Structures are given as structure tokens and as C-alpha cells.
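Engineer: Go ahead and model the full structure; you've got the sequences and the hints to work with.
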Amino acid sequence: MKTLLYAATCLAVFGLAFWAYRENYATQQVLKETRALQQQIGAAQVRLSVLRAEWAYLNRPQRLRELADINFDSLGLLPLRPDQFGRVDEVSYPEPEELVITEGVEVSGLNLRSQP
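Numbering-wise, the numbering used here puts 44 at position 44 of the sequence shown, and it's gapless, one number per residue.
Keep in mind that a hint or two might mislead.
Said to hold, decoys possible - Pairwise CB distance ranges, derived in the manner of DEER restraints:
#1 V100 <-> D73: 51 to 59 Å
#2 Y21 <-> E54: 27 to 35 Å
#3 V100 <-> I41: 53 to 61 Å
#4 E66 <-> Q45: 27 to 35 Å
#5 A17 <-> A53: 37 to 45 Å
#6 L75 <-> A53: 35 to 43 Å
#7 I41 <-> A20: 24 to 32 Å
#8 Q38 <-> E90: 53 to 61 Å
Hint data in this document are derived by calculation from the structure and do not stem from the laboratory. Remember, predicted model here, so these are calculated numbers, not experimental data. Glycine included, every Cβ here is placed at the ideal spot set by N, Cα and C.
Structural biologist: Okay, here's the thing in C-alpha cells:
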């Protein structure tokens, strides 16, 4: 009986050792993938900061003003005037259509007919 218990214990130890070995390598693989993703995120953040700096450089008011002056004739740009703006109450919104139910409506298993 002791031999059977020793054999079962030995098999359990080998099984647990094999499981721990596989989990160790799986964990190392996940850590390696995590490091690679973190490096990609860092590179993307650097690219994003460069793009933001370029955007800020290209959208300087002085540069845009010079471009507008250079292309004034071809673009037909005119300065804004206060009378070009409107008020919200001047906007005409379409009238909502009235919905009419022409056929019966099935609700919770009951057939309700519309009243003419």
C-alpha cells in the first residue's frame, strides 16, 4: 500500500513540476509580448508628439495669414463681418410629421385596433 502511495505522490510531483514548467514559459512569453507592446506604444507616443509639434508649427497664425494673403485672389477670401452671423431663432426647422397608425398594433399578445 505504501508503494502505491509513493508512486501516486511521485506522479503528482512530476505532474505539478511539468505544469509549473509550462506555466513558467507561458508567463515568460506573455511578459516578452507585453514588453514588445510597451515598446510599440512608446514609439507611437513619440510619433504622436512629433505630429503634434508639426501640426502646431504648420498652424501658426502668422503662417496662415501669409498663406491667405498669397492665395487671396485664387481663394476669394473675404474678412468676416458681424452681419454674416445669424441667430438661432432665425433658423427654420422642418415641422415634424404627424404619425398616424392605420393598422392594428400587436402589443403583449393582444390585438389593439386603432380608433377611426
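Engineer: Hint by hint, say whether it matches the structure.
Structural biologist: Hints versus structure:
no., hint, in the structure
1, V100 <-> D73: 51 to 59 Å, "holds (56 Å)"
2, Y21 <-> E54: 27 to 35 Å, "violated (50 Å)"
3, V100 <-> I41: 53 to 61 Å, "holds (56 Å)"
4, E66 <-> Q45: 27 to 35 Å, "holds (32 Å)"
5, A17 <-> A53: 37 to 45 Å, "violated (54 Å)"
6, L75 <-> A53: 35 to 43 Å, "violated (27 Å)"
7, I41 <-> A20: 24 to 32 Å, "holds (31 Å)"
8, Q38 <-> E90: 53 to 61 Å, "holds (54 Å)"
Going through the hint list in order, the structure does not satisfy hints 2, 5 and 6.
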